[in-house]
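Chemist: Chain by chain, the residues:
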Amino acid sequence: AQKITQTQPGMFVQEKEAVTLDCTYDTSDPSYGLFWYKQPSSGEMIFLIYQGSYDQQNATEGRYSLNFQKARKSANLVISASQLGDSAMYFCAMRENSGGSNYKLTFGKGTLLTVNP
Amino acid sequence: DAGITQSPRYKITETGRQVTLMCHQTWSHSYMFWYRQDLGHGLRLIYYSAAADITDKGEVPDGYVVSRSKTENFPLTLESATRSQTSVYFCASSVIPGTGNSPLHFGNGTRLTVT
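For the protein sequence lines, the chains are A and B, in the order given.
Going from the first sequence to the numbering used here is simple: count from 1 and add 15.
Going from the second sequence to the numbering used here is simple: count from 1 and add 55.
Just chain A, same shape as in the assembly (with noise of 0.2 Å):
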C-alpha cells in the first residue's frame, strides 16, 4: 500500500485564487511529519511547510498553509492568491520517526500546479 497518495496528478488555478493539493498518508506510527516541497521547472526542491503529527494547530508559513485532518489522514496543502511563479510540482512526503524508519522522508508521486494569467 502506498504510504504516501497524491490522487491530483494535474491541477488549475487562477492567478489569485485559493487551490488545494490533496495529501492522504498511511502510518500506524504515532509520531510522524508530514512536508510539502515544491519543484519548479528547474527542477530543484524546495521546502514549503511542516506539520507534525503532534501539532495542535495546523501549520502556515505565508501563503502557504497545511490543511491537517489527523482523523482522516490527510494533509492537504493550501495556497491562498495564487502567482505565475507558483506554477510547478508539488510532492507531499511523510517521515515516520519511529520503527527503525530512521527518519527517511516517503514522497507522493506529486501534483503539477499551473497558475492561469
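Since the hints were made in silico from the structure, they are not lab data.
Be aware that one or more of the hints could be misleading.
Stated by the list, open to error - Result set (SDA-like, lysine to any residue): computed pairs, CA atoms no more than 20 Å apart in a straight line: (1) A:LYS31 x A:LYS119; (2) A:LYS119 x B:LYS66; (3) A:LYS85 x A:LYS31; (4) B:LYS66 x A:SER57; (5) A:LYS119 x B:VAL150; (6) A:LYS18 x A:SER102; (7) A:LYS119 x B:TYR119; (8) A:LYS31 x A:LYS124; (9) A:LYS124 x B:ARG99; (10) A:LYS18 x B:GLU114; (11) B:LYS112 x B:THR132; (12) A:LYS119 x B:GLU114.
Assemble the complex: chain A is given as a structure, and chain B must be docked to it using the hints.
Modeler: Showing chain B alone in chain A's frame:
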C-alpha cells in the same frame, strides 16, 4: 557558500560503464540521502546514511553502491549502468531528526542518461 552540491549536473554514459555521482554538503548534517526521480514514481530512496561509515539501503538499492568516509561527502556509484537507471538523482541532507521540523535539504540534482 554553505549548501549541498551535486556533480555533475548532467551525465551521459553507456550501458555497462561505472559512473559515480558526487554529493558534498557544508552544513555538517549527520543524515544524507540519495533519491531518484522518475516520471510517475515521484522520488524513491536509494540509500541513506546516518553518519560517517553508516549506510543502509532504501527502497530501490539494486545496482547502486554508496560510501561515506567523511561526513560531508556521500558519493553514489552505479557499478554497471543500465538503461533503467536513466533518471534524475537527488542528494539530500538533514540534521539529526527529532520530533521537530527537520526537512531534507536537496541538491540541484544530476540528470543521468544511460545509452
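Chemist: Taking the hints in turn, state whether each one holds.
Modeler: Results of checking the hints against the structure:
no., hint, result
1, A:LYS31 x A:LYS119, "35 Å, violated"
2, A:LYS119 x B:LYS66, "27 Å, violated"
3, A:LYS85 x A:LYS31, "29 Å, violated"
4, B:LYS66 x A:SER57, "17 Å, holds"
5, A:LYS119 x B:VAL150, "12 Å, holds"
6, A:LYS18 x A:SER102, "25 Å, violated"
7, A:LYS119 x B:TYR119, "18 Å, holds"
8, A:LYS31 x A:LYS124, "26 Å, violated"
9, A:LYS124 x B:ARG99, "10 Å, holds"
10, A:LYS18 x B:GLU114, "13 Å, holds"
11, B:LYS112 x B:THR132, "14 Å, holds"
12, A:LYS119 x B:GLU114, "10 Å, holds"
Going through the hint list in order, the structure does not satisfy hints 1, 2, 3, 6 and 8.
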